[in-house]
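Undergrad: Since each chain comes alone in its own frame, lean on the hints to assemble the complex.
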Amino acid sequence: MNRYIFMYGTKGGVGKSTIAVNIAYAMSAAGARVGLLDLDLSGPNVQNLINGLAGQPPTMAGFRVQPGSFGGVGVSGLGFFVRPHEAGLLTGKYLEGALEQLLFHDGWDGYDHVIVDLPPGFGELHRQVFTRLPSRVVLITTPHFLSTQDLSRGRALLGQIGVGVSGVIENMSEIACEHCGHASRLFASAVRDDFDDLPVLAQVPFAAGPDRPDGRNVPLVLTDGPAVDGFRSSLFSAASQLAAGA
Amino acid sequence: MSGNAKPTDLSIGVFADDQLDRVQHAYGLRSLLVLPFFALNGSIIDLRRRTETARKALLETERGVLFLKELPWYCSSERFAHFQSELLAGLADEGATVVAPLATASGRRFFHDRLTGSIFLLQPYLDGRSWTGGVEEARSAGTALAALHDCGSRVTSEAFPGMRDVFASARELVGLLPDNWSGPASARGDVASLADSALAAIDRCRREAYAAGYGRAVVPVHGDYNPFNIVFDPGSSSVTAIVDFDNACLDDRAHDLGEALVRFAWVNYRGLSSAYGAVPSAFDLDAVKAVLNGYREYDEAAARAARPRLPAVMTAVALELAAIGLLSSYYTADDVSALQRNVESLLPMANDAVAAVW
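Note that the protein sequences, when read in sequence, are chains A and B. For the first sequence, my numbering gives the first residue as 1, with consecutive numbering after it. For the second sequence, my numbering gives the first residue as 1, with consecutive numbering after it.
In isolation and in its complexed conformation, chain B is listed as follows (with noise of 0.2 Å):
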């Protein structure tokens, strides 16, 4: 996840007219139809709703829907976005669940709009359902990130960046917590303590992990693995697709594995919404052993390297999106002690949780 806060958004979460025109000259496109709404689980759903981190549109052209994302704050550069762009288009030849990005006229599977700075991809609409919280589909979405790892092992790219672990990016996400705690000021101390502890956690955790192998090996890893970027079958709960890889980078296996740990069987959500419900205090072992019985049914091996590394992953992961809840004011000052009380609980329940289903 970003270590960087998010601006303001001015644009309101629409695409200008003239950028939407420029877009619609790199591609090549002869017609261009913005589409705000589209329907999703039987719902009409107003797009701009859904543009938390990054503008995003619907576009109906002559090539048919196609999907224009905006990379957010955190990763829009053209570095990133020529490895992001090779990834998934060499991930889509290996036979992996992603959407390979279109081309621009020029041949770039990205558009670099000098004009506003922004950068875009675009790719073909998928149509399918969200998550429902169900069993089956963290075993499938188990499964479809083995095979993500396995075709990811297969793609290189002089494009892709060096190695960065799940614990830098839990440090910054953490580390913005003293300076950008908007909550009652009566309660400033305890949020700076709760990021002073969780900061040595995650260090502890890193130590450990590294001990234990962590980035002997590493693959692209998508960086964002959570029941919000996976698309199912309408049907089935087989995975169609798996989306937004605006943290992508190389890393050890360890760290998607161990956040969908986290996120599938950890965070309480609001609903089916991706906002953070109540602070956790234990992980759900149907979850856990779905997510692992589903990655290890694709690649038994690679789950064995990489299971004694996934409790420190896993802390570190949910200390990470435990400054997350804060930041978002999902979680508010009566959280804090709670949130303090995993700090020191959350290494041995993940080593719990995955003992007792593994």
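Bound-form chain A, shown alone (with noise of 0.2 Å):
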């Protein structure tokens, strides 16, 4: 079984960092041993979800971006050493000698499994990864026919190159009421027929989660409470599926 398992939607704005946060510690709260990546380069966005929690960020041996940990996960990222207001740009072999420092290294060995978050679109950094390292890949969505078209043309891309998918996590399936719990859609059914030969990991209902004003997060399946019960019990099912094989 490979320990990498991708998060990959084509389209922006689908949930891909929330839901590869939240099934990183749902693995973890089930017992194994999890390293979380964030490869989202330009918007790295997995330290704001997660910095609720007590822990330590990456370090750097030997010219590689060994693992940090909050909440027992082993994370990395760019997110966790580069400022917010810092952009750059991560191109050609700068993009290349990146994977080699935050991925392409023995620091991820001693992980059951390593969640990692990708960007969207399909470019060189995909073709890189998707390439260079036997993995499974698990395909994000919403219902939303825009989100579903793009990652038809993603999949198609993974096929050229070989590589497999492991499933598909439909995000914000729905919202429920906070008053009186009944579900209604957020986004009109599309059509998934590129999609009916692969397994549904799970259908996730949107969850805003608790208000924090202090802009500290958790991830929410280590919440609890009415609102986010569907959202944890979707993510922990497909945790599960994942951890076992999927």
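Hints in this document: simulated from the structure, not taken from any laboratory. Heads up, some of the hints might be wrong.
[What the hints assert, rightly or not] Ranges of calculated distance between the beta carbons of each label pair, as one might list FRET restraints:
| # | chain 1 | residue 1 | chain 2 | residue 2 | range |
| --- | --- | --- | --- | --- | --- |
| 1 | A | Gly31 | B | Pro124 | 44 to 50 Å |
| 2 | B | Arg63 | A | Ala156 | 53 to 59 Å |
| 3 | B | Ser281 | A | Arg127 | 24 to 30 Å |
| 4 | A | Asp211 | B | Gly277 | 35 to 41 Å |
| 5 | B | Gly42 | A | Gly245 | 47 to 53 Å |
| 6 | A | Ala156 | B | Arg270 | 30 to 36 Å |
| 7 | B | Trp73 | A | Arg127 | 32 to 38 Å |
Beta carbons: idealized from backbone N, C-alpha and C, even for Gly.
TA: What follows is the structure in structure tokens.
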């Protein structure tokens, strides 16, 4: 079973980082040793989603970025050491080097599973990681047709380079009323013919999570309450399937 | 320091792949991996963030990790590259704490990429830590500077240019102010007035320094001797290397020593960054003493000879840095009046600072 599980969606804003973070912490809560790498190099967000957890940021050893640890999960990514307002170009040989420093090294060897949050689109970064690292890929989409349509393109490219897909996670499938609990759709259901052959690992309802005026966030799978029940159960289920080798 | 304004960096701080391919070929490197990130003082740093004046990159190669640097716009010429690389190689041979540039396959210690015009130096990467503001570090910096001058005095090369004094650099920078002020138009008149009075003060300092023997003996000087161009040993306050010789020239050793006094004991920095903080109003006498004592420990005679010229150099450098502060927007229009007061008070303050500790 491949240790690396890539969370991939072609469209931006579908919740890849949220799903990646919560899958990682759900797996960890189930007892696995889990790593979590944010490879969205131009828009890293994982650090913001776990900043309510106690932990240590990544460190450097031998010019390789070693995972830090937050809440028992080994974490890494640019957002842990590049300040929010700083932007940088990582193309060509710089991208190749960044991936060597962040991903392609033995710092991840001690984990049962390494969840990798990928940026949207399909570019050089995707080509390098998909072709260099044996992995499993989970497709993330919302029900919206713009998301599924783009994801079809991404899946076609994955097929061209021979990368198999473990399944689909449909995010923001519905939203539950915080007063009466009635579930409503956020988007009109899209035709998903392109993914009918894939297992649906989870249909994840939208969950706003608790208000956090201090800006500190913890993964929703580590919280409880009726507002996140559906979110938690769907992601624990997906995590369980992936841990079992889906 | 450079007398030319910085052009816009359209490359956003990175080298193009084909440029790196030519570097690899020129130096005969079998493998080359760019390392965008490195560790400094326990933190992970993106090197592209530290490319304020010139592009730099760390390269992992079969010869270990190397530091690639493009000469910045203000010194990007074959003549200067020849001088700088010869100087660094000579200093390293003499035992100075510098890193000699590697030679290309053709034997030159720099690579001129004629397709882009860029000139590169490639050096072994040296691990270390940066300045933390300690007095012992200032003392070590003084000692390392004296050693640098001593070693430099034994280095000769046909590539060395003529003397260029510290006052010329200061004049150039201050002279940029009126036409390059990007702050409020309402302050333009005050900035121009500040520039005029600073230029007059620099000229007075120059006359005073030459009357005190400035330039009778010259050595290769660093030209930008500040805490951020010094690599310190992680386990002590000793200097591991002096870096960034892009302003090197032949000049009176008072140039570097006076600049060190200003950079360690006058300028306020924002935290431990090279960005300037509040406009200074007094010298830190502990730091003045530390730098001077460090230099004197290594070469008392040279320090004594340079001493009469130090206040004038310190004043010129401080005025040059005031101009840089305004041009770089470290200082604002609100700071102009304080900077104007410094124009008149700097020379006596510099005299008093040196006299107070020596």
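Undergrad: State for each hint whether it applies.
TA: Status of each hint after checking the structure:
One distance hint, 44 to 50 Å for the beta-carbon pair Gly31(A) and Pro124(B), holds here, with the actual separation near 46 Å. A beta carbon spacing of about 43 Å between Arg63(B) and Ala156(A) contradicts the range 53 to 59 Å that was offered as a hint. For Ser281(B) and Arg127(A), the hinted distance range of 24 to 30 Å is not satisfied, since their beta carbons lie about 57 Å from each other. Between Asp211(A) and Gly277(B) the CB atoms are about 38 Å apart, so this pair conforms to the stated range of 35 to 41 Å.
At about 39 Å, the beta-carbon gap between Gly42(B) and Gly245(A) misses the expected band of 47 to 53 Å. Between Ala156(A) and Arg270(B) the beta carbons are some 50 Å apart, a value that contradicts the proposed interval 30 to 36 Å. Checked against the hint of 32 to 38 Å, the pair Trp73(B) and Arg127(A) passes, with Cβ atoms roughly 35 Å apart.
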